[in-house]
Amino acid sequence: MSSSSTLNYFELLGLPESVELDRSALERAYQSLQSQWHPDQFAGADATTRARAVQQTSLINDAYRTLREPVSRAAHLLALRGIEPDRLEQRELDPAFLFEQMEWREELEAKRGNEAALGQLGVKVDERFKTTWRVFAEALAKEALSEAKREFHKLQFLGKLQYEINEAEALLLDD
Amino acid sequence: MALFTISEPGQSKLRAHAPRKRAVGIDLGTTNSLVATAREGKAEVLRDAEGRALVPSIVTYSATQAPRVGLRDYADAADERSSIASVKRLMGRSRADIDYQLPYTLEDSPNGGMPLIHTAAGKLSPVQVSADILRHLAKRGEEALGGELDGVVITVPAYFDEAQREATRDAARLAGLKVLRLLSEPTAAAVAYGLDKKLEGTVIIYDLGGGTFDVSLMQLQQGVFRVIATGGDAALGGDDFDRAIANWVLEQQGATERPDSHDWRELLRRARAAKHALTDAEETPIEFAGWQGVLTRATYYSLIDALIDTTLRACKRVLRDARMKPEDLSDIVLVGGATRSPRVREKVAAFFGREPLCSIDPDEVVAIGAALQADVLVGNKYGAETLLLDVIPLSLGIETMGGLMEKIIPRNSTIPVARAQEFTTYKDGQTAMSLHVLQGERELVQDCRSLARFELKGIPPMVAGAARVKVTFQVDADGLLEVSAEETTSGQKASIVVKPSFGLQEDDIAEMLKQSYAKAEEDKRLRSLREKQVEALRHIEALESALEADGEALLSAEERKELVGMMEELRSVAATDDADRIEILTNRLNERSLDFAARRMDAGIRQALAGRRLDDVDQ
Numbered sequence: 231m232s233s234s235s236t237l238n239y240f241e242l243l244g245l246p247e248s249v250e251l252d253r254s255a256l257e258r259a260y261q262s263l264q265s266q267w268h269p270d271q272f273a274g275a276d277a278t279t280r281a282r283a284v285q286q287t288s289l290i291n292d293a294y295r296t297l298r299e300p301v302s303r304a305a306h307l308l309a310l311r312g313i314e315p316d317r318l319e320q321r322e323l324d325p326a327f328l329f330e331q332m333e334w335r336e337e338l339e340a341k342r343g344n345e346a347a348l349g350q351l352g353v354k355v356d357e358r359f360k361t362t363w364r365v366f367a368e369a370l371a372k373e374a375l376s377e378a379k380r381e382f383h384k385l386q387f388l389g390k391l392q393y394e395i396n397e398a399e400a401l402l403l404d405d
Numbered sequence: 007m008a009l010f011t012i013s014e015p016g017q018s019k020l021r022a023h024a025p026r027k028r029a030v031g032i033d034l035g036t037t038n039s040l041v042a043t044a045r046e047g048k049a050e051v052l053r054d055a056e057g058r059a060l061v062p063s064i065v066t067y068s069a070t071q072a073p074r075v076g077l078r079d080y081a082d083a084a085d086e087r088s089s090i091a092s093v094k095r096l097m098g099r100s101r102a103d104i105d106y107q108l109p110y111t112l113e114d115s116p117n118g119g120m121p122l123i124h125t126a127a128g129k130l131s132p133v134q135v136s137a138d139i140l141r142h143l144a145k146r147g148e149e150a151l152g153g154e155l156d157g158v159v160i161t162v163p164a165y166f167d168e169a170q171r172e173a174t175r176d177a178a179r180l181a182g183l184k185v186l187r188l189l190s191e192p193t194a195a196a197v198a199y200g201l202d203k204k205l206e207g208t209v210i211i212y213d214l215g216g217g218t219f220d221v222s223l224m225q226l227q228q229g230v231f232r233v234i235a236t237g238g239d240a241a242l243g244g245d246d247f248d249r250a251i252a253n254w255v256l257e258q259q260g261a262t263e264r265p266d267s268h269d270w271r272e273l274l275r276r277a278r279a280a281k282h283a284l285t286d287a288e289e290t291p292i293e294f295a296g297w298q299g300v301l302t303r304a305t306y307y308s309l310i311d312a313l314i315d316t317t318l319r320a321c322k323r324v325l326r327d328a329r330m331k332p333e334d335l336s337d338i339v340l341v342g343g344a345t346r347s348p349r350v351r352e353k354v355a356a357f358f359g360r361e362p363l364c365s366i367d368p369d370e371v372v373a374i375g376a377a378l379q380a381d382v383l384v385g386n387k388y389g390a391e392t393l394l395l396d397v398i399p400l401s402l403g404i405e406t407m408g409g410l411m412e413k414i415i416p417r418n419s420t421i422p423v424a425r426a427q428e429f430t431t432y433k434d435g436q437t438a439m440s441l442h443v444l445q446g447e448r449e450l451v452q453d454c455r456s457l458a459r460f461e462l463k464g465i466p467p468m469v470a471g472a473a474r475v476k477v478t479f480q481v482d483a484d485g486l487l488e489v490s491a492e493e494t495t496s497g498q499k500a501s502i503v504v505k506p507s508f509g510l511q512e513d514d515i516a517e518m519l520k521q522s523y524a525k526a527e528e529d530k531r532l533r534s535l536r537e538k539q540v541e542a543l544r545h546i547e548a549l550e551s552a553l554e555a556d557g558e559a560l561l562s563a564e565e566r567k568e569l570v571g572m573m574e575e576l577r578s579v580a581a582t583d584d585a586d587r588i589e590i591l592t593n594r595l596n597e598r599s600l601d602f603a604a605r606r607m608d609a610g611i612r613q614a615l616a617g618r619r620l621d622d623v624d625q
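Residue numbers (the numbering used here), protein chains in the order written: chain A, 231 to 405; chain B, 7 to 625.
Please keep in mind that the hints were generated in silico from the structure rather than gathered at the bench.
As the structure is a computational prediction, the values presented were derived from the model and not from experiment.
By construction, the Cβ of each residue, glycine as well, lies at the ideal position given by its N, Cα and C atoms.
Any given hint might turn out to be false.
As the list claims (entries may be wrong) - Label pairs and their computed distance ranges (CB to CB):
#1 A:372 to B:463: 47 to 53 Å
#2 A:396 to B:434: 38 to 44 Å
#3 A:310 to B:499: 24 to 30 Å
#4 B:79 to A:346: 54 to 60 Å
#5 A:326 to B:311: 50 to 56 Å
#6 B:432 to A:340: 34 to 40 Å
#7 B:50 to A:396: 40 to 46 Å
#8 A:402 to B:312: 15 to 21 Å
Stated by the list, open to error - Derived DMTMM-like pairs: lysine to aspartate or glutamate, alpha-carbon spacing no greater than 20 Å straight-line:
#9 B:331 to A:356
#10 B:567 to B:556
#11 B:203 to B:361
#12 B:331 to A:399
#13 A:390 to B:449
#14 B:322 to B:334
#15 B:322 to A:397
#16 A:390 to B:447
#17 B:476 to A:316
#18 B:413 to A:397
#19 A:372 to A:314
#20 B:413 to A:299
#21 B:322 to A:399
#22 B:184 to B:154
#23 A:390 to B:327
#24 A:390 to B:412
#25 B:322 to A:394
#26 B:433 to B:492
With the hints as extra help, turn the sequences into a complete structure.
Encoded structure:
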């Protein structure tokens, strides 16, 4: 998925390649492609045609999901520029952010089990995500790729943190 | 037929003038099943001669007659004992999963899959019992539509996992049905509301059936039915309300031991009657084995509130998965017979903060939606284009080092979906890698459902971590999984359609192999018999002609009589299929005629010599 020969999901969905995405355009493109290729359209067709429809729609679903979520969209934009977003060299790390990561983690551990505190933490993480997103978008706009990659890693961490907060909140539901 | 195969997407309307095809939607429920059919976008459930749409999901077996489906009253105790109900709970489940009392006997299947049920017609797998129900429903469809069905849509709980879906599809195959689609029950209900009641927006489908609970958060918009998130419990339903009442009665009665299966059935029946009575009444008398009491609504609610709360927790989780709040929803739709319960309605309304919809009969709505979709899928287009985007209810993944489950496809992924993940070897020179396919949300392998194990062999020996094993998961529109693995540096491949753990196929194959083995034995036996018969006749013929030629000259009358007697005995035995006796008599005749043969040979030599001149011999 992360090689220079990456299939361009923007092209697949017929959308302009950009950091910010018109959500309703994405939805329209997705639904129109799905209506064309969904296996239900080929219920009476032969096995080969049906298998192709399954593959096509899997790809369309993957493209849609990748572009809809900001972190995976950012990774895709980097991959399209020949950057493997998952491989990070030691020198590419931002020491200040490493420290910040530790602080975030400690805060999450401290607030586990407290639904209100987790909610507040979630809001804080969202804000940090938004500011980081703006820096990433600017870096990409001026093709400052190593900077973009560094910011991407922050986004990736913050995204994961959001997920973990969500899971911690979900755990509280089970009690 | 070839004319109707689609070559271009979006041209399906060209088929409008094709002959109408026969399709039905089947709601294969835990307690009741239904079949419906659609025409021009209008669906109706199919009823029996007495006007009843619900078919109790009960199959009554007998040693002598064909299975009977949907009996409401048992003619006698024998019928009752051999009736199998709620078989849906056993689909795709192992014996270990079944931790509740059943009124029939189960036996572990030899290959660790679904347990076998003891019936009057022998030991049957849950798939076979489900197939009998499907056959019955399909027959009702065929009678209504006047001919063989071209296709069916069968609904499954949204929360059914891979093993349960596979089992359902196997049952359909066993019943000889062409499955157009396995459709999630809440999605089917949404289709019915969307097409019939023009419902649009973001809705929750709350589906509490006899034995399963599903909740789906869906977006309905201009013929697009999209599941955003789904959750539920594949073993929670209205049947549990009956069980709760039954257990309460036993407690009140001070019973010290469990009733036997006959009494338990009877108790469940009375519990169900009490439950139905409380839909309208404030209290109802209940009586069992000499004990008499009154069940009030308050008591009944205290028995079932915990069960309803479990469903509401699942609703909460689904909202969270979709990152929504109750106020983001435009409607709540009630589906399933158990939503007739006023308590369920009350608690659902309180939780979501609005009155739920139930304008389509909650028992019939799933079958109606399935019929509408079956009509579209079979090719009877009437203009309304629908697009159903479903999700997988539980994450799919693979076992990694340390007994952990690594998710490859997360729950609520829209299907079809394909996802690949790379793994590597952990030992130098490792040439094989075993893959354990799992489904579930928990981190430890032991807490997830094991779907299949397979092995990728022939990896070229490399240092640890150098091999690149790409494992690809492909889930189709029915939610069924296929896994393949490839070592990318060498191109070594392995793939399986996931089903060994619970599918019928293994049983099937074993049975077929056994049959073919038995067949081969039979074939071998027949062949050997034929050979012996031919051998015997060959001997008889040879002896007959020898007797005719030299019998008088070379044998005494007594010797002749003995040989002829033995020959006639063999002739009569050779007409039977007693291979052993044929062989024995052939050998004995052969032995007894050896002397005669030797004499003939001597005579022959003498005769030959007699015919020659001496000088010839000397040469």
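Here is how each hint holds up against the structure:
1. A:372 to B:463: 47 to 53 Å: Given a distance of about 51 Å, which is inside 47 to 53 Å, the answer is holds.
2. A:396 to B:434: 38 to 44 Å: 41 Å, holds
3. A:310 to B:499: 24 to 30 Å: 29 Å, holds
4. B:79 to A:346: 54 to 60 Å: Holds - the Cβ-Cβ distance for residue 79 of chain B and residue 346 of chain A, about 57 Å, lies within 54 to 60 Å.
5. A:326 to B:311: 50 to 56 Å: 53 Å, holds
6. B:432 to A:340: 34 to 40 Å: 36 Å, holds
7. B:50 to A:396: 40 to 46 Å: 44 Å, holds
8. A:402 to B:312: 15 to 21 Å: 19 Å, holds
9. B:331 to A:356: Distance of about 18 Å is within 20 Å: holds.
10. B:567 to B:556: Holds - the C-alpha atoms of residue 556 of chain B and residue 567 of chain B are around 14 Å apart, at most 20 Å.
11. B:203 to B:361: 17 Å, holds
12. B:331 to A:399: 14 Å, holds
13. A:390 to B:449: 17 Å, holds
14. B:322 to B:334: 13 Å, holds
15. B:322 to A:397: 13 Å, holds
16. A:390 to B:447: With a Cα-Cα distance of about 17 Å, the restraint between residue 390 of chain A and residue 447 of chain B holds, given a limit of 20 Å.
17. B:476 to A:316: 17 Å, holds
18. B:413 to A:397: With Cα atoms ~15 Å apart, residue 413 of chain B and residue 397 of chain A stay inside 20 Å; holds.
19. A:372 to A:314: 19 Å, holds
20. B:413 to A:299: 18 Å, holds
21. B:322 to A:399: Roughly 11 Å separates the two Cα atoms, so the pair holds.
22. B:184 to B:154: 11 Å, holds
23. A:390 to B:327: 15 Å, holds
24. A:390 to B:412: Roughly 16 Å separates the two Cα atoms, so the pair holds.
25. B:322 to A:394: With Cα atoms ~17 Å apart, residue 322 of chain B and residue 394 of chain A stay inside 20 Å; holds.
26. B:433 to B:492: Given pair residue 433 of chain B, residue 492 of chain B holds - Cα atoms ~18 Å apart, limit 20 Å.
Violated hints: none; the structure is consistent with every hint.
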